[in-house]
Amino acid sequence: MSTLTEKIVTVSDLPPRPGGEGGNLHEERMELSMGPQHPATHGVLQCKLILDGEKVVAMDPVVGYLHRGKEKHAEHMTYQQFFTLTDRLDYLQPLANEVGWALTVEKLAGIEVPARAQAIRTIICEFMRLSAHLVWAGIGGVDTGAVSMFMYAFRDREELFDLMDELTGLRTNQEYLRIGGVGADLSPELIEKMKKWVAALPGHVDEFELLLTGNKIFHDRMRGVGQITAQQAIELGVTGPCLRATGVGVDLRRARPYLLYPQLEFDVPVGTRGDAYDRYLVRIEEMRQSARILKQLLDHLPAGEWIAKDWKNVLPPKGRVYTSMEEMIHQFKTVTEWCPPKGEVYQATEAANGELGFYLMSAGASHPYRVKIRSPSFINLQALKPMSVGSYFSDIVAIIASLHFIMGECDR
Amino acid sequence: MSPESAPVLPPPAAGAASAASAASGAPRFAAAVANPKVMRHALTTNEKLFVGPFLKSLLYTFSRMFKKDITRRYPEQKMENKPSLHGVPVLVMKEDGAPRCVACGLCEFVCPPRAIDIQPGETDRPIEREPKSFVIDMLRCIECSYCEEVCPEEAIVMSTDYEVVGRRREDFVWDLKKLLKPIAQLKDRIAWVRRTYRRWDSNADASAPPEGGVYRDPRWAGKSKPVDHH
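Order-wise, the sequence lines are chains A and B. Numbered continuously in the numbering used here, the first sequence closes out at residue 1685. Numbered continuously in the numbering used here, the second sequence closes out at residue 290.
Don't take each hint at face value.
Derived list of chain B stretches under chain A, where covered just means 3 residues or more per stretch with a C-beta under 8 Å from a C-beta of chain A [claimed, not checked]: (1) 100-113; (2) 231-243.
Computed cross-link-like contacts, EDC-like style, restricted to lysine to aspartate or glutamate with a CA-CA straight-line distance of at most 16 Å [to be verified]: (3) Lys1466/A x Asp1572/A; (4) Lys1466/A x Asp1493/A; (5) Lys1606/A x Glu168/B; (6) Lys1582/A x Asp261/B; (7) Lys1469/A x Glu1439/A; (8) Lys142/B x Glu1482/A; (9) Lys138/B x Asp1435/A; (10) Lys128/B x Glu1431/A; (11) Lys142/B x Asp1435/A; (12) Lys128/B x Glu1432/A; (13) Lys116/B x Glu1482/A; (14) Lys1582/A x Glu1385/A; (15) Lys237/B x Glu107/B; (16) Lys127/B x Glu1480/A; (17) Lys237/B x Asp177/B; (18) Lys1328/A x Glu1304/A; (19) Lys1585/A x Glu1617/A; (20) Lys241/B x Asp156/B; (21) Lys108/B x Asp1493/A; (22) Lys138/B x Asp1438/A; (23) Lys237/B x Glu190/B; (24) Lys192/B x Asp177/B; (25) Lys1466/A x Asp1438/A; (26) Lys1615/A x Glu1348/A; (27) Lys116/B x Asp1479/A; (28) Lys1568/A x Glu1465/A; (29) Lys142/B x Glu1439/A; (30) Lys1489/A x Glu107/B; (31) Lys1606/A x Asp1583/A; (32) Lys154/B x Glu190/B; (33) Lys1582/A x Asp1458/A; (34) Lys1468/A x Glu1439/A; (35) Lys1466/A x Asp1435/A; (36) Lys192/B x Glu182/B; (37) Lys241/B x Glu107/B; (38) Lys1321/A x Asp1333/A; (39) Lys116/B x Glu1480/A; (40) Lys142/B x Asp1438/A.
Since the hints were derived computationally from the structure, they do not count as laboratory data. Small disclaimer: the values here were computed from a predicted structure and weren't measured. Note that the Cβ used here is the ideal one computed from N, Cα and C, for glycine as well.
If we strip away everything but chain A, and leave its shape as in the complex, we get (with noise of 0.2 Å):
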């Protein structure tokens, strides 16, 4: 593992070239660095390799270069503000992210969310899971050869956002949730063209299959590479279809249960071999559970209010704001100076790439005294290292493209 001190390994640190340098091309090893530019590291990770010919002898990821410290931020903007940073940690599911800080927040001061409340925010953290697979599967077929692939999986998320813009009336990065509910309600008529949108998925997934499970360009790209053992994925603390694929069956959605998931019902897919096809199949395979979630909720989706009614920690109904003082006061102190009590809590949710905690101290003031965000994008990260020394040159791409981390997540 590098540290923040430790050098970026060089040819000079390795021992000798078994059959010595050669002094040629073919007989020497050399030093590469892929990225942060590089369309297939997903953003700005910098790889820095060393090559003996097409094998990978030595890798350090190189990461902070889209860090904009958003810890920091935190610690000077309200708990509501925050949540549009939130939406920038892992930009392919913003409300998945925003529903992890509601909930780290509700718990910290009590907050019982109503039914329909928490039914609307189970409904798009599927939604975002289903929207970060979606681009999984069309990025990961355009590094592994299927460019098609994009088209097809960008076409399902085109028509999920026009879902979510009409839901939030943002396309993306949608400041959505609000502590206690969330901002909007779910129309009748929004929730047909979801329900449309979900019976259409699972041929979606299909066709993806069709196109890529027994495409052999495919199979040779995948299979066998990036392997890890349940082991190794543990003690890296890999979390998420990445650790699933490696056979241990721990989701969040039921080893910690949150929101409505309990009484849900789903199943959990695990891989066998834990290499880059496993993590393919677990993926492909949580879309259609998604849509079985999202099917059973979106039929009994149940009636009430969609934010808490808590006149101290939610904002008044807005008409009585304009002619009341009482609720005028109410609005202008929960903006300015809603304070949760002193405490410090930890609230984990299972994103689409694995365990997305938020760590929070509060010291009972209106901004938080320290927060916390254990990103899985990072930790899934350091998987990088032990699944590609030793493969060759072109598998980093097919590595990275399965692992599926998100820069912005996982630079903070």
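Given the coordinates of chain A, work out where chain B should sit on it, guided by the hints.
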């Protein structure tokens, strides 16, 4: 799992909240339910030869030509404007040309990227206070609609205008002259705001300010004189 065992939503909502808190004392990972293993597909001879799958995917791609195209030809073909759309925030201008804003500064406070800058001033109108200058930097604005949600005067709302262009940075710094939009253009969004932000109070709609700006609280009907704030 049989469909009979499918839980019907929703048993009480409190159950879910308490389940999460109860689990915090439980071991880190609860015993996993038997998980289905994904099937690793072994290539058939046909697939190894690659001719069949190649033709199949080619046929699939070809068949897409005759299906509905979801691409929008954007500059010519605009997005349909839903009332929930967040365009850039604008200020509501009443029929007499004055802003509704009373420069309370709540939107300035709540704005996460700090895009709003207000300089309050006095006025002879009954509201006594109005913005002398109200500036929104549209390069900073993230269209989150927090300003609209907190505004106690329904004075700042999201417009349907999502195309902001300019040649210089100064073009994106909008002042009162650019921000004020006649109330007639913003009717849809104002209706959406009233419908949405009344929250659990279904009566609150009735007490929202009528267009004339005269507030009447139903709870105080007949007890006090209506006040013309604007």
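Each hint tested on the structure:
no. : hint                  : result
1   : 100-113               : holds (count 8)
2   : 231-243               : violated (count 0)
3   : Lys1466/A x Asp1572/A : 12 Å, holds
4   : Lys1466/A x Asp1493/A : 39 Å, violated
5   : Lys1606/A x Glu168/B  : 15 Å, holds
6   : Lys1582/A x Asp261/B  : 9 Å, holds
7   : Lys1469/A x Glu1439/A : 15 Å, holds
8   : Lys142/B x Glu1482/A  : 35 Å, violated
9   : Lys138/B x Asp1435/A  : 13 Å, holds
10  : Lys128/B x Glu1431/A  : 14 Å, holds
11  : Lys142/B x Asp1435/A  : 11 Å, holds
12  : Lys128/B x Glu1432/A  : 13 Å, holds
13  : Lys116/B x Glu1482/A  : 12 Å, holds
14  : Lys1582/A x Glu1385/A : 9 Å, holds
15  : Lys237/B x Glu107/B   : 67 Å, violated
16  : Lys127/B x Glu1480/A  : 14 Å, holds
17  : Lys237/B x Asp177/B   : 14 Å, holds
18  : Lys1328/A x Glu1304/A : 12 Å, holds
19  : Lys1585/A x Glu1617/A : 21 Å, violated
20  : Lys241/B x Asp156/B   : 12 Å, holds
21  : Lys108/B x Asp1493/A  : 10 Å, holds
22  : Lys138/B x Asp1438/A  : 14 Å, holds
23  : Lys237/B x Glu190/B   : 14 Å, holds
24  : Lys192/B x Asp177/B   : 11 Å, holds
25  : Lys1466/A x Asp1438/A : 12 Å, holds
26  : Lys1615/A x Glu1348/A : 15 Å, holds
27  : Lys116/B x Asp1479/A  : 13 Å, holds
28  : Lys1568/A x Glu1465/A : 11 Å, holds
29  : Lys142/B x Glu1439/A  : 7 Å, holds
30  : Lys1489/A x Glu107/B  : 7 Å, holds
31  : Lys1606/A x Asp1583/A : 14 Å, holds
32  : Lys154/B x Glu190/B   : 13 Å, holds
33  : Lys1582/A x Asp1458/A : 14 Å, holds
34  : Lys1468/A x Glu1439/A : 14 Å, holds
35  : Lys1466/A x Asp1435/A : 10 Å, holds
36  : Lys192/B x Glu182/B   : 8 Å, holds
37  : Lys241/B x Glu107/B   : 63 Å, violated
38  : Lys1321/A x Asp1333/A : 5 Å, holds
39  : Lys116/B x Glu1480/A  : 11 Å, holds
40  : Lys142/B x Asp1438/A  : 9 Å, holds
Checked against the numbered hints above, the structure breaks hints 2, 4, 8, 15, 19 and 37 and satisfies the rest.
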